[in-house]
Amino acid sequence: MAYRKKNRNVGIVGIGETKFSSHREDVNQPEMIHEAVRQALDDAGLTMNDVDCVVHGNMELFEMVHQPDMWHTLGSGAFGRDSFRLTTGGTTGGTLAGAADNLVASGMYDVVMAIGFEKLQEGHTTGGITNMADPLWARKLQSGALTAQAAVKLITEFGEERARRAAMTYRIIMDKHACKNPNSHRAFGLEWDQMDDLMTTSPPLIGELRLIHMCSQSDGACVVIFASEEKAKQITDKPVWVRDHITVHREETLNLCNNYYPTETTHKFAAEQLYARNNITNPLEYFDVFEMYDPSAWWGLDWIRDFFLLEGDEHIKLVENHEIMMDGKMPINPSGGVIAANPIGATALVRVAEAAKQVRGNAGPHQIPRPVNHALASSFGGTMWTVLMMLEKELNW
Amino acid sequence: MATFDTSDCYVVEGKLALPYTYFAGRVGSTFITTLRDQRKIMGVKCNACGKVFVPPRQTCERCMEDIRNNWVALSDTGEVVNFTVVRYDDKHLPRKAPFVLAMIKLDGADTPMAHIVEGIDPENMTEGLKVKAVFADQTTNTILDIDHFEPVK
Amino acid sequence: MSQDYGVTPNDIFNSMKDRFRAEGAAGISSVFGYDITDAGRWKLTVKDGAMSIDKTDDLSGCDVKLITDSATYVGINIGKIDGMQALSAGKLKVEGDINTFALTSRFFVKFVAPGQDAAPEQELLVLKKVISVKQRFATGPVMGKFLKGLKVQKILAIKCPECGRLQSPPREACAICRVKNTDWVEIGPNGEMRMMEYCYYASPDPLTGETRETPYGAIGILLDGCRDEEVFWHLLRPDQLDQVKMGSVLNGKVTHGSRLRPVWADNRTGGISDIKYFEIDA
Numbered sequence: 001m002a003y004r005k006k007n008r009n010v011g012i013v014g015i016g017e018t019k020f021s022s023h024r025e026d027v028n029q030p031e032m033i034h035e036a037v038r039q040a041l042d043d044a045g046l047t048m049n050d051v052d053c054v055v056h057g058n059m060e061l062f063e064m065v066h067q068p069d070m071w072h073t074l075g076s077g078a079f080g081r082d083s084f085r086l087t088t089g090g091t092t093g094g095t096l097a098g099a100a101d102n103l104v105a106s107g108m109y110d111v112v113m114a115i116g117f118e119k120l121q122e123g124h125t126t127g128g129i130t131n132m133a134d135p136l137w138a139r140k141l142q143s144g145a146l147t148a149q150a151a152v153k154l155i156t157e158f159g160e161e162r163a164r165r166a167a168m169t170y171r172i173i174m175d176k177h178a179c180k181n182p183n184s185h186r187a188f189g190l191e192w193d194q195m196d197d198l199m200t201t202s203p204p205l206i207g208e209l210r211l212i213h214m215c216s217q218s219d220g221a222c223v224v225i226f227a228s229e230e231k232a233k234q235i236t237d238k239p240v241w242v243r244d245h246i247t248v249h250r251e252e253t254l255n256l257c258n259n260y261y262p263t264e265t266t267h268k269f270a271a272e273q274l275y276a277r278n279n280i281t282n283p284l285e286y287f288d289v290f291e292m293y294d295p296s297a298w299w300g301l302d303w304i305r306d307f308f309l310l311e312g313d314e315h316i317k318l319v320e321n322h323e324i325m326m327d328g329k330m331p332i333n334p335s336g337g338v339i340a341a342n343p344i345g346a347t348a349l350v351r352v353a354e355a356a357k358q359v360r361g362n363a364g365p366h367q368i369p370r371p372v373n374h375a376l377a378s379s380f381g382g383t384m385w386t387v388l389m390m391l392e393k394e395l396n397w
Numbered sequence: 398m399a400t401f402d403t404s405d406c407y408v409v410e411g412k413l414a415l416p417y418t419y420f421a422g423r424v425g426s427t428f429i430t431t432l433r434d435q436r437k438i439m440g441v442k443c444n445a446c447g448k449v450f451v452p453p454r455q456t457c458e459r460c461m462e463d464i465r466n467n468w469v470a471l472s473d474t475g476e477v478v479n480f481t482v483v484r485y486d487d488k489h490l491p492r493k494a495p496f497v498l499a500m501i502k503l504d505g506a507d508t509p510m511a512h513i514v515e516g517i518d519p520e521n522m523t524e525g526l527k528v529k530a531v532f533a534d535q536t537t538n539t540i541l542d543i544d545h546f547e548p549v550k
Numbered sequence: 551m552s553q554d555y556g557v558t559p560n561d562i563f564n565s566m567k568d569r570f571r572a573e574g575a576a577g578i579s580s581v582f583g584y585d586i587t588d589a590g591r592w593k594l595t596v597k598d599g600a601m602s603i604d605k606t607d608d609l610s611g612c613d614v615k616l617i618t619d620s621a622t623y624v625g626i627n628i629g630k631i632d633g634m635q636a637l638s639a640g641k642l643k644v645e646g647d648i649n650t651f652a653l654t655s656r657f658f659v660k661f662v663a664p665g666q667d668a669a670p671e672q673e674l675l676v677l678k679k680v681i682s683v684k685q686r687f688a689t690g691p692v693m694g695k696f697l698k699g700l701k702v703q704k705i706l707a708i709k710c711p712e713c714g715r716l717q718s719p720p721r722e723a724c725a726i727c728r729v730k731n732t733d734w735v736e737i738g739p740n741g742e743m744r745m746m747e748y749c750y751y752a753s754p755d756p757l758t759g760e761t762r763e764t765p766y767g768a769i770g771i772l773l774d775g776c777r778d779e780e781v782f783w784h785l786l787r788p789d790q791l792d793q794v795k796m797g798s799v800l801n802g803k804v805t806h807g808s809r810l811r812p813v814w815a816d817n818r819t820g821g822i823s824d825i826k827y828f829e830i831d832a
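Protein chains in written order, with my numbering: chain A, 1 to 397; chain W, 398 to 550; chain U, 551 to 832.
Among the hints, erroneous ones may be present.
[To be verified] A few chain A residues facing chain W, derived, Cβ under 10 Å:
no.: 1; residue: Met-32
no.: 2; residue: Leu-41
no.: 3; residue: Thr-73
no.: 4; residue: Gly-75
no.: 5; residue: Phe-79
no.: 6; residue: Asp-219
[To be verified] Just so you have them, the derived chain U footprint on chain A, three or more residues with Cβ under 8 Å:
no.: 7; segment: 20 to 30
no.: 8; segment: 128 to 142
no.: 9; segment: 185 to 193
no.: 10; segment: 202 to 214
These are computed hints drawn from the structure, not numbers from a lab. The beta carbon of each residue, even a glycine, is placed where N, CA and C say it ideally should be.
Next up, chain A with everything else stripped away, as it sits in the complex:
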């Protein structure tokens, strides 16, 4: 696979995030977006006149209102500017970041604003997702975004007791992180002594996937401003550099029912290529923090192995030993992750934004306690689509 050689370096110079919540009756879509746009501009010390291009994305089928980029000019700042709209499922936010990176790196634009948002309260998410499936077959079978595949897989491999405990440990860690993030939609204050109770009494959705394991449906927006190296250094003394990103798509639409590993997953496939071309041999040592798109505790637990190219039960042990907590060996989702807030079109961009904040060192109450030089952000969407983005504190690779 060809190496993506950049024409020039790209840095993140501004970040905006709304508070995530279940309802935003007080604002319409462009008004909600505007909150994040305003915050990102203020964060960067820019006005819209400094922005050359706007990249805008969500999953319009989730709100059932089409062409939102057009009427969102009332809040997005895209009035009279070059603008693109992207929709790639859960990966939308990662695709937005990747597109902004490419648009700046190519030399086409110096400053690009990526806007991801969703107002899931306005639509019917599982219905929307089901409608994306093959109309002649899978629509009748698909259960929205809910699946217990990862649970079946982990239970088969590690036994019911260990797998269930590890998944719930992952879940409680995410909640503990979410409780520190003021933007969280859901922060329950779960305690370790609730573990056994939750494992048996949380309402089951599909198989061993229970309500407690699953992400929320949230309203919110995220904005990240990308700039060329020259501009980024003028704009801020703390740009966060985008070292590389990768997008991997496959065609597993109709073959969702595997409970073993026939081939590597897209996550592993993407991670291997990204690390190889950046000469990273031990990702677990290299990265200081990882913001993962983890739609459920089962998926989050399972995917650690893929993203860090681990073997056997190394990923389970990381969770069991709490090494993924903020002060652990590999902090995962200090933000609380997707289980804490999932405004789908924004969610993957939030991963990039949160990873960048960790690199800058100003994430707030959920800033991890050690310096962050190298951060990784993932996106997940559709039928196993992956986007990975690597962020760096120094331009020295």
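Given the structure of chain A, go ahead and fit chains W and U onto it with the hints provided.
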């Protein structure tokens, strides 16, 4: 055109049915409830560029100014700046064809808004026609709380 | 305590009679139990548009039961706590069908605590709509051939000329090898259970807008003639959900699942419903 054997090709009827909800937000709600309860059309003014927008918005998209509190009452009369005659029927349309959809710039506003014009033969419609709002008896909590505009007599 | 205006569960249950909306309970006949662990137990009986509420320790005979504590119950009723969040966090439990319990929200007008600020906030408009679009899908020659096969009770798969893998439902190309699939083979119709999604929660059927009955099982079947990941996706006979065994392949070790066979619909039109479901092949 296809040059392959199409004997196995056929068409399956389908349907996409999904419920959704639209939240108008504070600015949009104020606009509609004032229209509904006081029969008053409100716009918002951007203090930077001086433009008065109707329907109202929270932000001036040109100046990026927050204008949500700069309400101004507008006249219920205005001028047709553009129009079209809708000549087909469809379930999503508000009237039976033929009917007139016009861009109407209310007196005191800088932006036109789309609405229905009745009380004039579509063939006699002209730009520059002076029109006046006729409010609906039954509320729908939408812009159709103005039932239509009609020519000023 | 100022947060909950001094309201107790007792106040809420005692006010139920005054807040009851007969029209909200029309056609519903159920008994609801409330176990407020630190305050007591109540039994709500709804029948023929009428209700009764009794404080009683005996919650036997309830169709569905809510178990929570006073703080959570009061918090939900005065709008300080989101019921769904309390359920997710394990602070509130429901024994029985949660959808039945959800009906109770229609029975009563909102509880307003004495002293709770009843001044209306700004009226925020919410428009409820349904988008409903008729669609027509062209099967194309490949999917068309497969669907036509179902009419005559044949399950067809298409084969990649390079890697040999089977796809069913078929695709015109093998996306891995990037070649056009050419050969057809008949597979099954019997096979082995691999994986089941045991669905307790159903999303609406996009064709009808109706929510299907739960629980149901969406299954992956390794039909005879297939291997590895070549599973076929369909439904399991609803009354056999608890009788089947999933199979697996892990590090080369095969665990066999239940044998299954299709049950064909009498009236077959060339669609997924030509197979009603798969059932245990005993």
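Evaluation of the provided hints:
1. Met-32: holds (8 Å)
2. Leu-41: holds (8 Å)
3. Thr-73: holds (5 Å)
4. Gly-75: At about 6 Å, which falls below the 10 Å cut-off, the nearest Cβ of chain W leaves the hint on Gly-75 of chain A intact, so it holds.
5. Phe-79: Holds. Min distance 4 Å.
6. Asp-219: holds (9 Å)
7. 20 to 30: Coverage by chain U holds for the segment 20 to 30 of chain A (3 residues, Cβ < 8 Å).
8. 128 to 142: holds (count 12)
9. 185 to 193: holds (count 4)
10. 202 to 214: holds (count 8)
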